[in-house]
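S.K.: So the protein sequences, as listed, match chains W and A.
Residues in the first sequence are numbered consecutively from 0, following numbering that gives the first Met the number 0.
Residues in the second sequence are numbered consecutively from 0, following numbering that gives the first Met the number 0.
Hints listed in this document are in silico derivations from the structure and should not be mistaken for laboratory results.
Quick caveat: nothing in here was measured; it's all calculated off a predicted structure.
This list has only true hints and no planted wrong ones.
Below, simulated EDC-like cross-link-like pairs (lysine to aspartate or glutamate); rule was C-alpha separation at most 20 Å, straight line: (1) A:22 x W:21; (2) A:76 x A:45; (3) W:13 x A:122; (4) A:88 x A:48; (5) A:19 x W:24; (6) A:22 x W:37; (7) W:3 x A:113; (8) W:13 x A:141; (9) W:3 x A:165; (10) A:151 x A:91; (11) A:56 x A:6; (12) A:56 x A:45; (13) A:56 x A:11; (14) A:19 x W:31; (15) W:3 x A:141; (16) A:88 x A:156; (17) A:22 x W:35; (18) A:56 x W:31; (19) A:151 x A:141; (20) A:22 x A:6.
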Amino acid sequence: MNQKATYEIAITEKLRQLPVPDMRDAIWSRIEQQLDLDMPEDDEPESPDSPNNSSWRKTGWKVGPFAVIVAIITLFFINQNNRSNPNNTSDRTPIKTETVSPQTNDPTSPPSTKNTVNTPPVVNNGSTPVNGSDSVFNQPMIFNQPLDSSVNLPVFIPPVVQNSSQSPPKQDSVPNKKPRGVTGIKDQDYHITLKKDSVP
Amino acid sequence: MIAVANDIDLLEGCLSNDRKAQKLLYQQFYEFAMTIAMRYSRDEMDAGDIMSHAFVKIFKSIRSYDNTKGSLHAWIKRIVVNEGLDHIKSRERFSENVELETVEEPPINNSVLEQMGAEEIMELIAKLPPATHAVFVLYAVEGYNHREIAEKLGISEGTSKWHLSEARKTLQKQLAHLR
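Please take these sequences and the hints and turn them into a complete structure.
M.R.: The following block contains the structure:
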């Protein structure tokens, strides 16, 4: 211990009376910020491999959106590639399309195998399901490139027009329609026949 | 008024890096540590810097505290003082060029000091050159001897004596102006 002069003892006493500035919260926020960086608080012990690990969660937040964006871009390019390259047969299956011959009036008769044509595989772009012939006919067929000669060309089939005689009579929209003409007079009444008396 | 928690409970919380326990320990020792930090600073901002660095060190090295070797107060004081000295060192390099065998003791009128407020005295001390400031506080306020000061600051005992003599002469001149 040193030998203090009397004035030094007086200085020490005075400095003990020095008012402390209230910077408690401001300083603590700086300390806490530094502690969060250097030694982050653990809420509960977790195994490092656990997916609930805080560091894994922090990384997941960063990697998650990036992975989604990469997946979307990849799907987009695959889609584009499939559209521009219709000869790619890897994911296409030939579709048997049944056509209805205009001569066949009986809709209940089974379709003839002669009328079945093999159409070239249609690329399903994912927006239209290929479940049957109806869905294929309802969708426009787009070919961007000339087809290979080995591939059967699609047969244009005109839309089927149903025979009007086959169709059931249309019912009038107005119920109890009034009959035309005078009641009690038939068509036979209008027939003009020559009578013997009238011949001179 | 902040409730004074049991030091052992606080230490256990701080050892497990519990932020609430750390905050409670900080609040419990705030005034004690801030009083020390202000002795080594020129203003409140400097004192805030010393405090934040000191408490981060305290929480990082809390495992090294051994209650058989001394009280928690003494351990925290040592860290705050060391941080204060580091702060002064960052402002000025401690010179080894000047040495003294004996410290001069110029007469200082005690009655003038008695009339001065604590803040005025602190301002006088803060005006000293940083190295002289550090030696004066360590010797006159903290009670270290020249050998201890020399170890802390990495200087010789003669240099420590020279700084103390310079501090006393400067203070005497300033107090003479205040008469």
